[in-house]
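Fit chain B with the ligand to the given chain A structure using the hints.
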Amino acid sequence: MAASIWVVVEQWQGQITDISFEALALGREVADTSKATLEAVLPGHQCAALAEQLGCADSVLCADHPALAEPVPETHAAALAELARQRQPRAILIPVTNTAMGVSTLLGALLDAPAVNFAIDLKATDGTLEARCVLYGGKVETRVRFSKQPAIIGLWPGARPADQGRSDRKPAVEQVQVSLPSEARVRLKRYIEPEAGEVDLTREDILVAVGRGIQSKDNMELAEELARALGGELCGSRPVVDQGWLPLSRQIGKSGLTVKPKLYLALGISGAPEHVEGMKNSGLIVAVNTDPQAPIFNVAHYGVVADALELVPALTEAVRARKG
Amino acid sequence: MNLLVLMRMVPDVVEELEIAPDGKSLDREALRLIASESDDHALEEALLLKERYGGKVTVVVPDAPEVGDLLYTAAAKGADRVIRLRGIKTGLGVAALARSCAAALQATPGLLPVNLILTGTQAIEDLDGLVAPLVAHHLGLPYIGVVTAVTEIADGKASVVKEFQAGYRGEFQIALPAVLGVQSAEKPPRYVPVAKVRAAMKSVKIEECEVPQPTPAALEGIEVLAMSKPEVAGRAAMLEGSPEEVAGKLCDLLAERGLL
Ligand SMILES: Cc1cc2nc3c(=O)[nH]c(=O)nc-3n(C[C@H](O)[C@H](O)[C@H](O)COP(=O)(O)OP(=O)(O)OC[C@H]3O[C@@H](n4cnc5c(N)ncnc54)[C@H](O)[C@@H]3O)c2cc1C
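Line by line, the protein sequences are chains A and B.
Start counting the first sequence at 1; every next residue gets the next number (this note's numbering).
Start counting the second sequence at 1; every next residue gets the next number (this note's numbering).
Extracted from the complex, chain A is given alone in its bound form (with noise of 0.2 Å):
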């Protein structure tokens, strides 16, 4: 039986996420080099329709469990570590994502397997597989080899164009059984609905974005002034909401919200993966911070090393004064 490269697809309200087709399309690239077939497994209870999205693969996997319906990692990883013991895959790749946090690392200690982090691109070499990794906030990437099967990868947003891994081809489907512990030590009681916020920020032509360069609940207003002048919102990044300088509705990145203005304006913001993730698509980005090394500069299209706290007065008195 030829190798297989597993891509596990992830669901969020009933939808396959982006990342997970973005999963497929690197699949699709390791298989294709390394002579395995793709095979996309659909980890779920009563999503078999979903199957057919998932053409990119050879075949789809579809684990069916009612326990499954449920985003609990440790009852995903039993199920796919059951399934992997039944088939051993050469390769796992998952999606990193909060609902999957944990599963990759589970999954890994179940099959006694190495999983890895973070990965932003993999590659087969000479029948080896190596990945390529984010790690220190975006500062360092490191690459590692696999020395032990099956590799599982945690795979981080923006590997491949999601849409390369979309296909109109009807993937073969298999039903695959299951067998989870009856009672879950881990039970979903109820989503919650995000918190209105009192703008859709992903609307916004131009947004001013705070981290915690800011430094202070006071210096806010700065920020402030300058969305007001500009003719934007203010948003930010995840300490400034944790300090409660700005509402949840205004985090941007992993947990927060995904947007794409024309102006992103990022002060004191170091450019972490998790808030990257939520702006790097945006028209233009600029970048105000006082490292010149922050992983921000690698995003943005204009970069000043500055204090933020200087430069932002001066910034909004010319806006002011251009604007008449």
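Bear in mind the hints are in silico, worked out from the structure with no lab data behind them.
Just so you know, these numbers come straight off a predicted model, no measurement behind them.
You can take every hint at face value.
Derived Cβ-Cβ restraints for the label pairs, each shown as a range:
| id | chain 1 | residue 1 | chain 2 | residue 2 | range |
| --- | --- | --- | --- | --- | --- |
| 1 | A | Thr33 | B | Gly54 | 57 to 65 Å |
| 2 | B | Arg235 | A | Gly231 | 26 to 34 Å |
| 3 | B | Arg235 | A | Glu310 | 18 to 26 Å |
| 4 | B | Asp80 | A | Lys323 | 55 to 63 Å |
| 5 | A | Gln46 | B | Gln106 | 35 to 43 Å |
| 6 | B | Lys249 | A | Lys217 | 26 to 34 Å |
Derived list of chain B stretches under chain A, where covered just means 3 residues or more per stretch with a C-beta under 8 Å from a C-beta of chain A:
| id | stretch |
| --- | --- |
| 7 | 15-28 |
| 8 | 182-195 |
All residues carry an ideal CB built from backbone N, CA and C; glycine is no exception.
For chain B with the ligand alone, coordinates are given in the frame of chain A:
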């Protein structure tokens, strides 16, 4: 309520990170270490739970330079016991680290059982796994991560809130004892004045605990080929000058794009 917080020192990424001459690791000599951010939130959540339900908070940290500061600070904030685990190296190699921590917790008399083990949901050097689910696995306990609140503890179960995406969250019920990967505490981590930390240095005893089998910070089944600054498609064009000059240049850029 018995609460155990597992914390870790990681490189401070605000500082410049140097790659070691072997090209495969960080130059740890040149690093400044700080408590991993979400571990700090895990400690805060534990202290909030102690305030709410009573009980005891024990903080356990693998040995590292400057680990004393972390432990005294934790004590000054309200931790009842602070313990340094000897014989574990931090750094890459989370799978080995988590296994050693779990073994040490089991081998140290009086540490387990607890009602909850709290640790950060993720750290910046978690290349080969996350600590929370691994410790849960080795101790045979249930786990949930990205936790932002513990809403209720009753009847041997905890209700916790986990963050999904786009502001969506979920409330989960988890059987106790359990391991939580904390993303953020319900309140920002408390500030503790230096004087209080100094006082803790005089009055608090850091307990030492030996790991049954010392483990190096090593990767298993994975070999690091190279470490480098990220390869990027394009870097930002940098604007220079006084704040007024830069402001002028930025206004020009915005005007050209019809954004002013
Ligand atoms: C599961 C998970 C989900 C997450 N979800 C999100 C998310 O949705 N959104 C999010 O943003 N983060 C998220 N994070 C957190 C993320 O990893 C980073 O910790 C966070 O983005 C860092 O925010 P920051 O850039 O504001 O702070 P830091 O990383 O601390 O950066 C502050 C920056 O300000 C600079 N600075 C300091 N002073 C000044 C000054 N005077 N002027 C200019 N610059 C200055 C510093 O050089 C530094 O680069 C998540 C993390 C996890 C584990």
